[in-house]
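2 protein chains.
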Amino acid sequence: MYLRFMIKVSILGSGNIGSHLIDVFTNTPSIELVQIYNRTIEKIKSYESRYAITDSIENLRDADIYIIAVSDDAINSFSKSLKLKNKLIVHTSGTKELTILEHERIGVFYPLQTFTKNVTLDFLTVPICIEANNDKDEKLLKALAHKISNNVSVINSLQRKKLHLAAVFVNNFVNHLYHIGNDICTENQVSFDLLKPLIKETAAKISSVLPYNAQTGPAKRNNEKTINTQLAQLNNSQKEIYSIFSKSIQQTYQ
Amino acid sequence: MYLRFMIKVSILGSGNIGSHLIDVFTNTPSIELVQIYNRTIEKIKSYESRYAITDSIENLRDADIYIIAVSDDAINSFSKSLKLKNKLIVHTSGTKELTILEHERIGVFYPLQTFTKNVTLDFLTVPICIEANNDKDEKLLKALAHKISNNVSVINSLQRKKLHLAAVFVNNFVNHLYHIGNDICTENQVSFDLLKPLIKETAAKISSVLPYNAQTGPAKRNNEKTINTQLAQLNNSQKEIYSIFSKSIQQTYQ
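Sequence lines, in order, name chains H and G.
1 is the number of the first residue of the first sequence in the numbering used here; add one for each residue after it.
1 is the number of the first residue of the second sequence in the numbering used here; add one for each residue after it.
Hint data in this document are derived by calculation from the structure and do not stem from the laboratory.
Treat the hints with caution; some may be incorrect.
Given that identical chains are not distinguished, each listed pair holds provided it fits within a single copy or across any two copies.
Below, simulated BS3-like cross-link-like pairs (lysine-lysine); rule was C-alpha separation at most 25 Å, straight line [as the list claims (entries may be wrong)]: (1) K162 - K139; (2) K136 - K80; (3) K161 - K200; (4) K43 - K220; (5) K8 - K87; (6) K8 - K196.
Turn these sequences into a full structure, and let the hints guide you.
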């Protein structure tokens, strides 16, 4: 039912997630972006021609949903500073509990994706994980999420925390492996571009094959000879990562 | 010049790479697949209706290029068993030197991609790394490669070995991180599907941003508090990987 109705939203904070939400809400006719808050007004000056902006929490206008998009460690104290009564207040964090928001009507609106400033993203495929402390607000958050994404789930705080932890492995750590790959290429005057189709295919493969079944390589085959030959070519930090992975892969398939 | 000419190729071995080469050559009109060899004839019976097959190296027919696609450790002894005179003999390995082939005219035809049996691949984007011990054969291999791919490079044995090593990090180890992510999801009853858009975007991002600049997360921000909270949620094997990565990322950005 909410899908047909205009939803009035204010965004509090304009960092990475905040600015991406501003972009996607701007392009969604059935979402009214009422106001943008940042404690440093200069940071949101560029939105002034289009939206109401403020650096004062005393001046927050009326909205259906207030989305806190400040850094994780600031959410609790920031939410406490809000004087809003009987309003839905949500945060966007993967790691923080719902109840870190000390208000009557609270929720979480967690887009599970890696956001880069100034890189536009197709939000339709971004999973949005929703949580609220009452059914009516859960429905409202779902409606908001469905306006921008086809991939909406209701999950609780513990599940969200674990999902975020898994995301650290498949995003942060994976990217660091890309960095090591790039280092090895640079050191040996080969172009990192040669690895890009492999990187893409490795990621694409698991949309149809379980990672467990997609595994290949010397550790999977328990080929100690190749493992040792490869170890001998690495620097200390690379060697440590190579050893841990080889051990962990061998244990997985033993 | 070679691009216009038919090239006659035989494939010796029908494992993962061999069977993918058979598929792509089958779909390339200007490549004539002369013969397929496997020491166990049953493994290539399915090709019999279309191609000459044999399990005897005594019966190899005349071709321009003989592609050895046997396991890395068998390449040397297999190549020695070939009685071919004045023929270009190549292997497809990322890790083995050109000179492991003890013949007069030798080369390497290394497609740098992850191959899964029964999963068809768009070969046009697959980097093919070429090496030969004389200019004429380098040209011939380049011509063959250009018939199936738009991404052909000439690189030497040392560079190829390093490239393969980098591939272990960005493919084998990355896939193992996907597996750990899947494990964490399964243990906590959340769908691994929620991570798939993130996995895809993480891989897509480095086509335009260096991995060094794409890095995010608690280790990059040197956020010890979050690191310790996350460590406490992991089992021993996951913990070990998490620690090594956090340390390595912190060192990279210190």
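Hints and how they fare:
When the C-alpha separation of K162 and K139 is checked against a cutoff of 25 Å, the pair qualifies only within one copy, where the shortest distance is 23 Å, while the shortest distance between copies is 53 Å. Taking identical chains as interchangeable, the C-alpha atoms of K136 and K80 lie at most 25 Å apart only when both belong to the same chain, with a minimum of 23 Å there against 75 Å between chains. Proximity of K161 to K200 under the C-alpha cut-off of 25 Å is restricted to the inter-copy arrangement: shortest distance 21 Å between copies versus 27 Å within a copy. Only between protomers do K43 and K220 lie at most 25 Å apart by alpha-carbon distance; the minimum there is 23 Å, versus 50 Å within a single protomer.
With identical chains, the CA atoms of K8 and K87 are at most 25 Å apart within one copy only, with a shortest distance of 12 Å there and 74 Å across copies. Taking the shortest alpha-carbon separations for K8 and K196, neither the intra-copy value of 42 Å nor the inter-copy value of 30 Å comes in at or below 25 Å.
When each numbered hint is compared with the structure, a violation occurs for hint 6 only.
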